[in-house]
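> Single-letter residue listing:
Number of protein chains: 2
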Amino acid sequence: MNVRMLQRFKKIKDVTSSVLSVFSVETNHLHTYPNFTKNTFDVDRGPYRSLEEHHLTYFRDVLGENGLVVDLCDLEKYNVDFMKHLRGGSTLVLRPTATEQVSKILSFCNHHHLAVCTQGGNTGICGGATPIFDEIILSMELMNKIIHLDELSSVLTCEAGCVLENLDHYLNERNLMMPIDLGAKGSCHIGGNISTNAGGIRLYRYGNLQGNILGLEVVKANGEILNCMNTLKKDNTGFHLKHLFIGSEGTLGIITKAAIQCVPKPKSVKLLFLGAQNFTKILKAFNKARHDLGEIISAVEVMDHQTMEMVEEYTDLSSPIGRYPIYLIIETSGSDETHDEEKLNRYFESCMDKHFILNGVVASSTTQIQKLWSIREKIAESFYKDGYVFSYDISLPLPSYYDFVTEMRHYMGEKSHRVFGFGHLGDGNLHLQISVKEFSKEILDYIEPHIYKRVEELKGSISAEHGIGFLKRKYLPMIKSSVNISTMRNLKNLMDPKGILNPYKVL
Amino acid sequence: MNVRMLQRFKKIKDVTSSVLSVFSVETNHLHTYPNFTKNTFDVDRGPYRSLEEHHLTYFRDVLGENGLVVDLCDLEKYNVDFMKHLRGGSTLVLRPTATEQVSKILSFCNHHHLAVCTQGGNTGICGGATPIFDEIILSMELMNKIIHLDELSSVLTCEAGCVLENLDHYLNERNLMMPIDLGAKGSCHIGGNISTNAGGIRLYRYGNLQGNILGLEVVKANGEILNCMNTLKKDNTGFHLKHLFIGSEGTLGIITKAAIQCVPKPKSVKLLFLGAQNFTKILKAFNKARHDLGEIISAVEVMDHQTMEMVEEYTDLSSPIGRYPIYLIIETSGSDETHDEEKLNRYFESCMDKHFILNGVVASSTTQIQKLWSIREKIAESFYKDGYVFSYDISLPLPSYYDFVTEMRHYMGEKSHRVFGFGHLGDGNLHLQISVKEFSKEILDYIEPHIYKRVEELKGSISAEHGIGFLKRKYLPMIKSSVNISTMRNLKNLMDPKGILNPYKVL
Numbered sequence: 001m002n003v004r005m006l007q008r009f010k011k012i013k014d015v016t017s018s019v020l021s022v023f024s025v026e027t028n029h030l031h032t033y034p035n036f037t038k039n040t041f042d043v044d045r046g047p048y049r050s051l052e053e054h055h056l057t058y059f060r061d062v063l064g065e066n067g068l069v070v071d072l073c074d075l076e077k078y079n080v081d082f083m084k085h086l087r088g089g090s091t092l093v094l095r096p097t098a099t100e101q102v103s104k105i106l107s108f109c110n111h112h113h114l115a116v117c118t119q120g121g122n123t124g125i126c127g128g129a130t131p132i133f134d135e136i137i138l139s140m141e142l143m144n145k146i147i148h149l150d151e152l153s154s155v156l157t158c159e160a161g162c163v164l165e166n167l168d169h170y171l172n173e174r175n176l177m178m179p180i181d182l183g184a185k186g187s188c189h190i191g192g193n194i195s196t197n198a199g200g201i202r203l204y205r206y207g208n209l210q211g212n213i214l215g216l217e218v219v220k221a222n223g224e225i226l227n228c229m230n231t232l233k234k235d236n237t238g239f240h241l242k243h244l245f246i247g248s249e250g251t252l253g254i255i256t257k258a259a260i261q262c263v264p265k266p267k268s269v270k271l272l273f274l275g276a277q278n279f280t281k282i283l284k285a286f287n288k289a290r291h292d293l294g295e296i297i298s299a300v301e302v303m304d305h306q307t308m309e310m311v312e313e314y315t316d317l318s319s320p321i322g323r324y325p326i327y328l329i330i331e332t333s334g335s336d337e338t339h340d341e342e343k344l345n346r347y348f349e350s351c352m353d354k355h356f357i358l359n360g361v362v363a364s365s366t367t368q369i370q371k372l373w374s375i376r377e378k379i380a381e382s383f384y385k386d387g388y389v390f391s392y393d394i395s396l397p398l399p400s401y402y403d404f405v406t407e408m409r410h411y412m413g414e415k416s417h418r419v420f421g422f423g424h425l426g427d428g429n430l431h432l433q434i435s436v437k438e439f440s441k442e443i444l445d446y447i448e449p450h451i452y453k454r455v456e457e458l459k460g461s462i463s464a465e466h467g468i469g470f471l472k473r474k475y476l477p478m479i480k481s482s483v484n485i486s487t488m489r490n491l492k493n494l495m496d497p498k499g500i501l502n503p504y505k506v507l
Numbered sequence: 001m002n003v004r005m006l007q008r009f010k011k012i013k014d015v016t017s018s019v020l021s022v023f024s025v026e027t028n029h030l031h032t033y034p035n036f037t038k039n040t041f042d043v044d045r046g047p048y049r050s051l052e053e054h055h056l057t058y059f060r061d062v063l064g065e066n067g068l069v070v071d072l073c074d075l076e077k078y079n080v081d082f083m084k085h086l087r088g089g090s091t092l093v094l095r096p097t098a099t100e101q102v103s104k105i106l107s108f109c110n111h112h113h114l115a116v117c118t119q120g121g122n123t124g125i126c127g128g129a130t131p132i133f134d135e136i137i138l139s140m141e142l143m144n145k146i147i148h149l150d151e152l153s154s155v156l157t158c159e160a161g162c163v164l165e166n167l168d169h170y171l172n173e174r175n176l177m178m179p180i181d182l183g184a185k186g187s188c189h190i191g192g193n194i195s196t197n198a199g200g201i202r203l204y205r206y207g208n209l210q211g212n213i214l215g216l217e218v219v220k221a222n223g224e225i226l227n228c229m230n231t232l233k234k235d236n237t238g239f240h241l242k243h244l245f246i247g248s249e250g251t252l253g254i255i256t257k258a259a260i261q262c263v264p265k266p267k268s269v270k271l272l273f274l275g276a277q278n279f280t281k282i283l284k285a286f287n288k289a290r291h292d293l294g295e296i297i298s299a300v301e302v303m304d305h306q307t308m309e310m311v312e313e314y315t316d317l318s319s320p321i322g323r324y325p326i327y328l329i330i331e332t333s334g335s336d337e338t339h340d341e342e343k344l345n346r347y348f349e350s351c352m353d354k355h356f357i358l359n360g361v362v363a364s365s366t367t368q369i370q371k372l373w374s375i376r377e378k379i380a381e382s383f384y385k386d387g388y389v390f391s392y393d394i395s396l397p398l399p400s401y402y403d404f405v406t407e408m409r410h411y412m413g414e415k416s417h418r419v420f421g422f423g424h425l426g427d428g429n430l431h432l433q434i435s436v437k438e439f440s441k442e443i444l445d446y447i448e449p450h451i452y453k454r455v456e457e458l459k460g461s462i463s464a465e466h467g468i469g470f471l472k473r474k475y476l477p478m479i480k481s482s483v484n485i486s487t488m489r490n491l492k493n494l495m496d497p498k499g500i501l502n503p504y505k506v507l
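Residue numbers (my numbering), protein chains in the order written: chain A, 1 to 507; chain B, 1 to 507.
Everything labelled a hint here was simulated from the structure, so no lab data went into it.
Same chains, same names: a pair is fine if it fits in one copy or spans any two.
Heads up, simulated EDC-like pairs for lysine to aspartate or glutamate below, C-alpha to C-alpha not over 20 Å straight-line:
#1 K84 <-> D74
#2 K284 <-> D150
#3 K267 <-> E342
#4 K267 <-> E341
#5 K459 <-> E151
#6 K354 <-> E151
Can you make the complete structure from the sequences, with help from the hints?
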């Protein structure tokens, strides 16, 4: 995520030079903001009404004075996205504290044809959570209460504005943890996670949110409250309406509460760092791990030697096992340390015997594990120093996973400085990076139509876990059939006939 | 499932005496069929056109002669449900072999306003898969091809008519298995499993189909083919349309293909059979197992002493540990037999030390395991001998799980012979059984309004894994809000405006 943030931030400066300086009265500091999205991108404002004084009066009645943010300086943090790439021109943030308030707000906005952009932690990187024009921002930040934890069934019920890390801390104290973990956990809201069907590093082990979200409470565009707050693992009574809202990025309804299936906190965590001859061997080692270590694997990461080379160049870190063409990192989480260590050692030796890997190390102590993980974590800040980096977060079927990096390296030839790949191998999620001396429109045009076309041909996904938001919506017709798109449009028209919910996003 | 089948079969004989004898020309045998559903239940035929000769001509053109079943005797097995409770009067079964044929059929039916009932293995027990009047039966039985297995990512792609057990056998030979397992696996289709969001015994470990189905191909009511055949673990590009069809029982579209995330076949399976003083202790033991055995647990079942007493009365089986108020069965599946056994023994001893359990046995050999499982499996055939049994498949939050059995025992008083409970504790799924000397309408009326009301009050589910189908649709308004039901109706109208898909079901 940081990778993309830095890259995008550079890009917007390079391409558009559309940076605005704003003096904050409150902090006496000069902030640098991107230009308004409406000026940077080719987008027309929808036929929504503009905010009038009597609207504000209504919202004050519903929320009280503290529920509104109208100060221009205070508004900026809601108007500008996490990537500092987009900037909306909203003049009002509403901060409800209860579902009934959300219901009243939407009912009013729907009636008066006022556009609404729902915002969680504002950590999205596709622009799904910031307004494009003057949409009213509906911030969920005050709806942050934990409602109930059923420790026996490990089901947590909470409001949508709870920060992911807070939920995890709360659970950790009770020997449980969230089934999802993200880099942005310190800021992102669980409601935003669900709205974007967020992935993250625990997905390999604990599955996706589509499997782990048991229930939702949602407010529809017309203000109706849809109660799907099931807290049961098995409930087959009618259409599973909650799935309309998981991953639809706030365009079909606003999630106000969630019931989440949590998982036990592991007692033992270990890390295996392996070097191999090529990606074919990595896949063999991974496949063997799935059978030998199956139930204890909690993360499977890969990085190529170009990535390691770059980390070694720009940090004081180095490979713990010397240089190899490609590296595999396997983390395990289990309930018995001795057993896990035995399994890992045996797996390691067997991989060596079968020549799947050339070398490796097992880390057992927290310090050792953290040191090895830091190599993976430092990739982002390393390639920031490697010139201008075009960064792609894609999913690919495993047989094509690394071939695609090689293919792109060949395709780029001398046009790039470095083409490197790393990512969540266990989920088929590749971070493909292309570093060049400096940004140019020619190189962008050389890469982008080609890369998305190839991902599509390989039956991959152009957005593994980040959604479509505002920034990727132009690619949707490239990857979805007309039947899919018309079905989505019909669904949007059904759930939000006036199109007030998060306009200019997804579709 | 067998339990309910027997009970329902008895019920229909007792209540309505609506059994019809049919002489089969082909087999020279007299078969006993239930009366037509339209005569037994208060239901009106929808405004659909009846089948005409020119329709048959069209279907013959599309499918060829072998694609149609029109012989009255051959039609019966499609017209009568698994429970022998319902009987439709369809005069035509269509058996497509390709998605394009399904598309042509639906396009034609939609245009001519002909109702369609899609049928998989016809093993459902809520009547979702059999016609009510003269709907055309669209049998998926010839669309049974395995399309592809990506062994590296364990993703299986197949047609909807594949029998679950066949898929599991195919995977077993490749050291993999399906993430779902059901009693009806020898007949049920994966398409039907998905359409009903089926649960089963592997759900505790591997999660639900909402998490494990990666992609679907679906034909819409108007014949359009909706391609959501993603085979990736992570793909966040637009609305997740596949979820419209998981669990909507064939009323929103017809599933023709699926991509399924499969799981490694475990190397070691073990069983723990425990006796405890009461359900509170059982919950403590279960909670401890979740932390101590976490990653290797593959099934968590419970049964009370009334259930065991009945099994001992009607079979030659007996408790392996003597009599206790309540029993807990934990199955583990792991990648190392020694480790699993060590964990189990340690867990067992600790539960004894803490007085969570009073006694127990660990089974390690396949024979021992099978013998212990047979106690659980023989429950159904035992209570068939225990008079007339009212059987309920419900989900309850764990704190209320067994209290509800006690409460119902108290409520029934001397009206019942035995009130007993067993089920998938790990999923909060209870099988509550009430045996009486013989069926009476008075007892039914005494139980049924009360039991559903109480399940609703306790925030449980009246259908844990069996869906709504035809038989439970009258209870939907009792358990869903008017906003939920109107949203479902709107969704139905959007996806199938003429209502040709599986009418009289769910809504």
